[in-house]
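Please put together the full structure from these sequences, using the hints given.
Heads up: the protein sequence lines correspond to chains A and B, in order.
10 is the number of the first residue of the first sequence in this note's numbering; add one for each residue after it.
499 is the number of the first residue of the second sequence in this note's numbering; add one for each residue after it.
Take these hints with a grain of salt, some might be off.
[Stated by the list, open to error] Listed below are the simulated SDA-like cross-link pairs for lysine to any residue, each with C-alpha atoms no more than 20 Å apart in a straight line: (1) A:K252 - B:L1187; (2) A:K80 - B:R618; (3) A:K252 - B:S1192; (4) A:K252 - B:R618; (5) A:K252 - B:T1193; (6) A:K252 - B:A619; (7) A:K252 - B:R549; (8) A:K252 - B:R1036; (9) A:K252 - B:R620; (10) A:K432 - B:R614; (11) B:K1011 - B:R1036; (12) B:K753 - B:L565.
Honestly, the hints are just simulated from the structure, not real lab data.
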Amino acid sequence: MSNRPIRFYFRGAVVEVDDVATTRTVLDWLREDARCTGTKEGCNEGDCGACTVVVGELPAGDGREVVGGLKLTTANACIQYLPMLDGKALFTVEDVGGGVERPLHPVQRAMVDCHGSQCGFCTPGFVMSLWATYQHHVARGARPSRQALADALSGNLCRCTGYRPILDAGERMFDAPAAALDTGPVVAALEGLRSEETFRYAPACGGELVAPRTLEALAAERLARPDARLLAGCTDIGLWTNKQLRDLPALLYVGAVDALKRVEARDGVLSIGAGASLEAAWRALAARWPALTEVWLRFAGVPVRNAGTMGGNVANGSPIGDSAPVLMALDADLVLRRGDRVRRLPLADFYTGYMQNRLEPGELLQAIEVPLESAAQVRAYKISKRFDCDISAVCAGLAIEIGDDGRVRAARFGLGGLAAVVKRAYATEAAVVGRPWDEATLLSAQQAFAGEFAPLTDVRGSAAWRLQVARNLLRRFWLETRPDAPLGAADVSVWAAREPEAP
Amino acid sequence: MKNRQQRVGVSRPHESAHLHVTGSAPFTDDLPELAGTVHLALGLSPVAHGRLLGVDVEAVRALPGVLAVLTAADIPGANDCGPVIHDDPILADGVVHYLGQPVFAVVATTRELARRAAARAREVVRVEPLPALLTPLEAHAAGRYVLPPMHLVRGDARAAIETAPRRLSGTFEVGGQEQFYLEGHIAYAVPREDDGMLVQCSTQHPSEMQHTVAHCLGVASHRVQVECRRMGGGFGGKESQSAVFACIAALAARKLRRPAKLRVDRDDDFLVTGRRHCFHYEYEVGYDDDGRVLGAELTMVSRAGYSADLSGPVMTRAMCHFDNAYWLPDVAIHGYSARTNTQSNTAFRGFGGPQGAIAIENILDTIARRLGRDALDVRRLNFYGPSDATDGRNVTPYGQPIPDNIIEPLTRELEAVSDYRRRREEIAAYNATSPVLKRGLALTPVKFGISFNLVHLNQAGALVHVYTDGSVLVNHGGTEMGQGLNTKVAQVVAHELGVDFEAVRVTATDTAKVANTSATAASTGSDLNGKAAEDAARQIRLRLAAFAAERYGVAASDVRFADGRVTVGAVKTMAFRELVGEAYMGRVQLWSDGFYATPGLSWDRETMQGRPFFYFAYGAAVSEVVVDTLTGEWRLLAAHVIHDAGRSLNPAIDIGQIEGAFIQGMGWLTTEELVWHPNDGSSRAGLLLTHAPSTYKIPTANDCPPVFDVRLWKDGDNVSDTIHRSKATGEPPLLLPFAVFYAIRDAISAAGGHRVDPPLTAPATSEAILRALEAVTSS
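Here is the structure:
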């Protein structure tokens, strides 16, 4: 274990910081300590994207695209603690272009030419999201579709423009001669910072953050520090400190363990390391089950999906997390580790109450395993006020397997937003198994469903509406999967609807 | 004067665009902090209504980093920041009126420590709870208003309704809306010599901030200077309600004799300040068999919140926009601004206009459905008559004739451009065979009056300096919040002086430069400040022309300014800079003030009659949506807009205003929902639950429709003598997305075979849509 300052690459050199609290955010450090005020604070909770920065890392085997030897992903600086940057590179709007010596980068030029800024406050965040998109596409000589651009901007709010000119800029930025990031010096600097040793940051101003590099070291630290708060993507914990002003004296950071970030298919399962980003995990799931793409794209905004982990989403156990309903439908198991002991538990058995689960003291989530060999038809539906970056009122992961005799062989219905925990609708499943997948069966399933959940009324919707929508989603699922004349997605989902031709 | 190269009427990027994209456009929080700066956070009322027994100040003062705790007792001057009626304490005194009301302010060494200390409010504020009124209808029933009820009447609405062949009565409601400027409220106060105070503040109304801070500190206005270079969005939310932050920052700076910054966290911004008023409507209408409205009576109840703020003017504008684009022969409109124990609602783009106009749109949509007619045909049937009408069909209920009604030709053009009729047929065919998804289509018009209803506010001033190198500096009373005001004003000045746009620079709005300015509001920014700046620049140009005429022996009228050069009759041409240099040596004043007061306005508050608007702006939109009948989810497939910007000063900026307002208005009517904890006796009663972007959902990039065709009205002009005959575009387009709401309503109606009028209210969340779907399919 090495006690030392935080070291990261910033503005062309490695900087060391040893005098900030462990929970000092990257944004506060930038604005208040480094006095780099280009990056803005809009909401301080990862929802508006005004603070979007780009983080560069050496590849970690998580299947994410690499640009010139560097993994480049957007993040919300307001919910990233500075020590989490250790060993990484930080890029902000000031790095992109412009100023005294440099011309505007094509991203910036296009934003000016397309009238993509009005008040200008959200603009640096948009520039960073577009810059990351630009770097990924330029590296492989491709251009994103307009739809892909909109999806890439799902974590950035603009209140002035209505977005059309920003999407125009996203298209136009590729018209200028390419201006790819020179990643060489960054990669070299990060290579120089690479270490297998556990990093311990314990500043004089208080707090301690421990960041092991290997799974074994992490498991050992967890065992030794059962009361330390496990920190992964900081997309939820960041709000505990930013909004609730809680003290987190001891943090055990899992994000430096590369082995925990792997997403790989082996032995008939898709193994999602608990430290794999939501983006990497959903990408892999959607590759196997394309019907999951919509929920993937609607899960938070891009910067949150880049930073947050699926393991964190599952272990955190929010009743409105969107991973668990889908993973339950996919019959996922959790791999739990305590010291050297590894055990498996079906995800459906993991939660015991509101934000409570079967993890033992000193134990941690190591991986999520999803069986790949499945004959089930799978769909995932998310209902929220807004398409992008919203929290579900209801999230349904639905899987059904129909035998050759036309009868339901197996069904797994995972529901979020309807109870204190995400859970399987066992009674509803029982109402369909063994019966033909016809409308009569659907009706009895809907009836069983009503007795199985008693949701709450909150800002996202009333209890009655939640129940009604969930029951109607069963109908949508039936319409899509019934053996007799199933409907296509374009017939049942507004999101799949064909775009009308411009008259 | 003839320009080869145009300065006005051309699309130029925003004057700060190059700074925005590089992160080098400083907002208030980005300005360098002076040594010794202290930071503030607000302790908020934990209850919706209560008698304030005291604040345990010592307990807060003992917390780490805390330098001082300020309460109402620390205010040396007036504890008031109400813009119209003085019912708005800066810090609560005696009574707390809503959950979130500032009760005390913590001054600490860092912002974080100030926030931590202020968060103890629930423990240190001692309150004896009082009964709270949390909804406008409760307050209306109890007769609790912030202002006396208002009535606008023409003819005999009752008689017209009662003798009409058909009658309709009903209720409707629209929700409020958070401004959600991306830059939250902030003020940075720096003490100056001799009781002076400089306040850097994100505000649409520096003069009001100056006066309010002066009253709060008990000093004359000349000791307070307020400056604002730019805001990260305002939308009305920083018109009056920046005052509480400006005053408290100044109070701390004064007490501690140190620079003091108050930047509130987003959640506190939501909890402390008000927003767009939600409205409840009750109406009765008489109409004929074709759908012509013969008489209408409307009662509107708004949620004013705990104090008057701008609720009176908002209700006035709502009442003056109930007619929208329609002739209503006999009409009676009643407005009630209900006093609730919630945040004090305030200005938001449209300022009541959208709330007034949507009521008549709902009525006409319903009439059309009852008659089985296309809603566009019924709308069109009710349009105001031509401007030269002699039958009175061109006069608004408040007595102002409409001089340039273009709504009929504009709508006709949009109908053709959007292929409305063909799509109507296609949608009917689609709906006939689509079991789950239904499509809807709607076209809605906009007529919006431009000027402050209050006549005296329609004035502006500007200062233009020409330096000896020919560069030009402009200062005016308007504020830049992203709308491109500074860009347009610079274009006007460049045009007037015949210089390049780049030769003109606009600087921060500053109460020490132009005095007694009006808020940048009511869409009047360019109209007022553009004219004032033109006046200033013109005086300089005339002086230069006179100087050149005398020096070179030509007529002043033969001295022409264009493209950065001056043509002095047939004698010579010279660089603008050269003439300026000569004029300086000739001791000519190279700077000037300018002033403008909109002519011909009148308004009688009692009778609600007069000529409150200098002119009207028009527009119309078509929207097509698809709605999921199982979940209430919907998506905007296409939007077509034609909007009237007169002779646009900057088409790109005006298009940006129109598109931005369209999406913003769409958010108001669909996804943006405000929820307060109900009056259930719990300590959370009255808590605004949607107080951050995690729970309050404004549109994102994926809500921008795949087809978004926005055009300026090709024959745009202005019969009134506005700046270069342009029209304001700030607020009017906020009404365009009515078309989205009524397209959703149309799709819901289709789900019921167009047999039942959908009881849809706004915001049309998926839940509200599903509720309306249930109603049309179950009956």
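Status of each hint after checking the structure:
1. A:K252 - B:L1187: Holds, at about 14 Å.
2. A:K80 - B:R618: 42 Å, violated
3. A:K252 - B:S1192: Distance ~12 Å between K252 of chain A and S1192 of chain B Cα, so the pair holds.
4. A:K252 - B:R618: 13 Å, holds
5. A:K252 - B:T1193: 14 Å, holds
6. A:K252 - B:A619: 15 Å, holds
7. A:K252 - B:R549: 28 Å, violated
8. A:K252 - B:R1036: Answer violated: K252 of chain A to R1036 of chain B is near 53 Å, above 20 Å.
9. A:K252 - B:R620: Distance of about 15 Å is within 20 Å: holds.
10. A:K432 - B:R614: Judged against 20 Å, a Cα distance of about 37 Å means the pair is violated.
11. B:K1011 - B:R1036: 19 Å, holds
12. B:K753 - B:L565: Since the Cα atoms of K753 of chain B and L565 of chain B sit roughly 11 Å apart, the hinted pair holds (cutoff 20 Å).
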